Amino acid sequence: MTTTASQTAGPYWHIIDHPEWADLRRGENAAMAGTSITLTGQITDGDGTPCGDAMVEIWQAGPDGAYEAGFHGFGRCASDDQGRFRFTTLKPGPVPGPGNSLQAPHITLAVFARGLMNHVTTRAYFAAEPLNEADPILALVPEARRPTMLARETAPGVWTLDIRLQGADETVFLDI
Amino acid sequence: MTEFPRPAPGTWPPMNSPAYGSTRKRHALHPPIAIPHTLSETSAPRFTPSAYPAYADMSVHEGQAAMGERIIVGGRVLDEDGRPVRGAMLEIWQANAAGRYHHMRDQHDAPLDPHFAGSARVFSDDEGHWQITTIKPGAYPWGNHAKAWRPVHIHFGLHGQGFAQRMITQMYFPGDPLLPLDPVFMATPDAAARERLIAKFDLDYAVENWALGYRFDIVLRGRNATPMEDHK
Ligand SMILES: [Fe+3]
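Here the protein sequences line up with chains F and G, keeping their order.
The opening residue of the first sequence carries number 1 in the working numbering; numbering runs sequentially from there.
The opening residue of the second sequence carries number 1 in the working numbering; numbering runs sequentially from there.
Source of the hints: derived by calculation from the structure; they are not laboratory data.
Heads up, a few of these hints could be off.
Claimed, not checked - Computed Cβ-Cβ distance ranges for the label pairs, DEER-style: (1) T48/G <-> D64/F: 17 to 25 Å; (2) A8/G <-> E170/F: 24 to 32 Å; (3) A54/G <-> T35/F: 58 to 66 Å; (4) D162/F <-> A8/G: 32 to 40 Å; (5) D125/G <-> S36/F: 43 to 51 Å; (6) M1/F <-> L212/G: 25 to 33 Å; (7) A127/F <-> L112/G: 42 to 50 Å; (8) A128/F <-> A148/G: 45 to 53 Å; (9) N16/G <-> G70/F: 25 to 33 Å.
Here the structure is a predicted model, which is why all the values come from computation and not from measurement.
Where is the CB? At the ideal position from N, CA and C, for every residue including glycine.
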């Protein structure tokens with residue numbers, strides 16, 4: 001069987017939006033220990049115009065590096081008029097990679113929007129994290145473009161990763 | 001291990017689809033970088049019914065029936081081997097019978113229906129089956145080109161068993177004269193792949209004296225290479 005084709009989320013996906021999903025410390029996650037962080041950024045198009053109608057989803061491991069167990073690592077946030085998204089979450093731990101490798105802490109981001117036939121996927125790594133040097137996925141990205149996947153700590157606990165859909169400094173998107 | 005092969009060439013719309021104006025400044029110029037699937041791609045959120053309650057009936061809102069033609073839409077979520085995808089979360093949204101979304105930014109001069117909110121959330125069962133009750137949506141203008149109207153459609157977002165399966169699509173209705181004129185629908189090069197986006201009129205889903213039915217099966221990326229083994 002062949003997969004069903006992806007179609008754009010369009011401009012009216014907010015009908016299924018739940019703004020509280022941008023806070024990953026909600027519900028059962030509230031009691032979990034870890035480092036509280038904010039992940040934020042601005043989404044712009046090929047003209048540098050902010051994308052004010054995007055849906056950003058994140059998927060991440062818990063502080064212990066485990067998926068699907070304990071920490072519920074899913075979040076969703078609508079971009080605002082300035083194209084900005086903002087999640088509050090706990091910093092993920094390192095995750096097992098291919099073979100016996102270890103992946104540096106990272107958060108997977110998927111961006112859906114009007115004009116995107118399929119969502120685009122990237123990762124937010126944490127700048128200056130020593131494990132980045134040996135990360136098997138970052139190693140696949142040309143060095144000059146790696147900074148587009150490195151969130152910078154722009155204020156204590158606030159990590160910023162801007163997403164440029166097209167053009168100069170275009171974000172590295174992953175074919176997953 | 002569950003595997004998530006890339007979609008076959010031509011079966012998904014290209015990111016750069018110039019006839020759909022919004023793609024022009026939003027598609028990446030660099031090809032995406034292929035990565036091996038790690039836990040980050042093969043794992044997926046678990047949406048527990050307590051935190052993500054299902055609501056399958058869009059035809060009634062706050063106790064009052066919505067205007068329009070009541071229909072039942074159902075189908076199965078399958079993988080590329082035809083195996084059911086169990087426990088997939090489907091998020092569904094659509095315009096009302098007049099072609100208007102319950103959305104601040106929708107300025108189409110068509111009536112809103114106070115008894116139609118336009119979203120549903122359901123989960124596939126052990127056989128992959130899911131079903132909703134709704135109102136057949138209307139077509140709406142969208143300004144992409146002269147006299148551009150979207151064909152009648154329902155938006156579907158799917159969360160499967162790996163983040164690599166995450167997908168948003170649209171379901172169309174059979175016989176819609178707008179389909180061959182729609183740059184979103186037509187962007188998928190492969191005619192058979194486009195056809196699979198069109199629901200089948202299906203009396204098996206109909207309920208006597210109450211609602212007609214449509215069937216929409218959704219195939220997610222993925223095949224079960226070793227069926228006995230869970231993906232963890
Ligand atoms: Fe729509």
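Going through the hints against the structure:
Between T48/G and D64/F the beta carbon distance is about 20 Å. The supplied range of 17 to 25 Å therefore holds. Distance hint check: the CB atoms of A8/G and E170/F are about 26 Å apart, consistent with the given range 24 to 32 Å. Roughly 34 Å separates the CB atoms of A54/G and T35/F, a value that falls outside the hinted 58 to 66 Å. The supplied range of 32 to 40 Å is met by D162/F and A8/G, whose beta-carbon atoms lie about 34 Å from each other.
The hinted window of 43 to 51 Å between D125/G and S36/F is violated, with their beta carbons roughly 38 Å apart. The hinted range of 25 to 33 Å is satisfied by M1/F and L212/G, whose Cβ atoms lie roughly 26 Å apart. Distance hint check for A127/F and L112/G: the Cβ-Cβ separation is about 47 Å, which falls inside the suggested range of 42 to 50 Å. A C-beta distance of roughly 48 Å is found between A128/F and A148/G, which places it inside the suggested range of 45 to 53 Å.
At roughly 41 Å, the beta-carbon separation of N16/G and G70/F lies outside the given 25 to 33 Å, and the hint is violated.
Checked against the numbered hints given earlier, the structure breaks hints 3, 5, 9 and satisfies all the rest.
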